[in-house]
Structures are given as structure tokens and as C-alpha cells.
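Participant: Letter by letter, the chains look like this.
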Amino acid sequence: MDRRGFLKAGMLTGALLASKLAPAVAQGGGLEGEDVAHLEPALQKALGKSFKDLTPSPAVKLNMPTIAESGANVPFEIEVNLPKDQVKAIHLFVDKNPSPHIVKVELGQAVPYYASRTRMAETSAVRAVVETQDGKLLMASASTRVTVGGCG
Amino acid sequence: MAIRTLARLTPPKPKAGDTFKLQVVAQHPMEPGTRKDEKGNLIPAHYIDSVEVYFEGQKVASILPEPGVSANPLFGLAFQAGQPGTFTIKLRDNKGDSGEASVKLELA
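Chains as they are written, first to last, in the working numbering: chain A, 1 to 152; chain B, 1 to 108.
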């Protein structure tokens, strides 16, 4: 193959790769252990909304370990940088768990903050979803690698 | 059987207007319903499904855990200190057991 042919072929593969990557990025950043198809029914049940209705937002902060020693006990912390009268509820979802919905926290007088521990069956993406008073759904995602599963 | 429940504040004596954390720990197996015993039978789900926090008799927050929460769970919330008073936390699991704890909020 001469130089020109080689370049052309290279560009073609590049374009192909880009078109293949694009949908993965559109679905939320290509996190490790993502499983939107499995998450979808849980979102429908808990919120009545689907994954594409969630807006990733920098106001929501989800603190998770990158690697968890035990899937039976993974600490997490959710902080929301919004006034407390704007936040209605906080949810946590783990994509690959047998039941992805972990917890719903209804905040009455509390400051928008929640810390707890969750079980994780395997390496998965984790989502913190915040319901605001005006009906918006804000999301923060993180990914935790699990060495020993905690659901079975 | 009652669920053993503990509650504490950090810092223990916040200043008025400051944000402090309320941490609740319950002693509970939190069976998710997906685990199997030695014979391969599923262990039925047994987990805390409601945590309600009252301040001076008024409900201020509630947590609805699903089966995915860890054994001996910790529930951490944050509040802004206003008046002194008492927090009461009421837990209930899906088999009808309940637990209760209370902690006094004193201002520095």
C-alpha cells in the first residue's frame, strides 16, 4: 500500500471508530460497569422516568471509593450544592445489582446530605439522583471496582 | 424483637446556625433476599424498610432503604442547628420489628 492509500484507510477506520464510540459517550461518559438496560426498570419504578430524563449536574457530588475491599459494605456520601428548600429527595442506584434501587431519602428539614453503606454485587457504575422541587432530576455518577461481591 | 439502635451527633455540641451530622447505626442482618444458604435455598429478604426522624415530635426526614443496604447499616443525615431539642429515630423492618433511639441536641 502506498502512503496515500494508507492514510485514506487510516482515516476511514478512524471515522468508523468515532461513530461506534459516540453512543457510549452519549449514555453517560462510558463508566466502567455501566448497565443502563438493567437500570431502566428500576428508574421507571422509583421515579417514573427513564435514564435519558436524568441531567448530569455538577451540583451533586457522589463520593465513592474507586476500589472497594468488600462488596458487602461500600461507603458512599452524597452532597448537594443547592439550598435545602429546593431538594425534595435523594436516591441511590447501583447499575448491576439484582435490585438497582438502594435507597430513597426524603428530606424535610434536613440539609441535602446523605451518607450510608451499600451492598454491591460486582464492579458497577453508581448513580446519585436528586429530585428537586421543580421536578428536575439531577444525577452524579461514579464507578466502583469490587473484588468480593456482596449480594450472594 | 427490638432492633438495637444507636444515634449520635457530630460534633456533639454544635453552635447555633452550624451544620451538624446525625448518625444512626442499627444492628440488623439486612438480608437482601438474593443470598443462598448451604443447601442452595434462597434466604428470604429481611431488611429495614423505613427510618423516620422526628425532632421534638415533628417529622424532619425519612429514609426508605431497599434490600441493597449493607448489614448493620449506618444512616447519616445533616441538619442545621436551630433550637435545642431531642431527635427521635424510629426504625421498622419488613417483618414488623421496630427500633427506637433518641439523642439530645444541645447548643454550645
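Treat each hint with caution, since some may be false.
[What the hints assert, rightly or not] A few chain B residues facing chain A, derived, Cβ under 8 Å:
id : residue
1  : Ala2
2  : Ile3
3  : Thr19
4  : Val25
5  : Pro29
6  : Thr34
7  : Ile43
8  : Pro44
9  : Tyr47
10 : Ser62
11 : Gly68
12 : Ala81
13 : Gln83
Hints were generated in silico from the structure; no laboratory data involved. Bear in mind the structure is a predicted one, so any value in this text is a computation, not a measurement. Even for Gly, the Cβ is constructed at its ideal location relative to N, Cα and C.
Participant: Any hints from earlier that this structure breaks? Give me their numbers in increasing order, please.
Facilitator: The structure breaks hints 1, 2, 4, 5, 7, 8, 9, 12 and 13; every other hint is satisfied.
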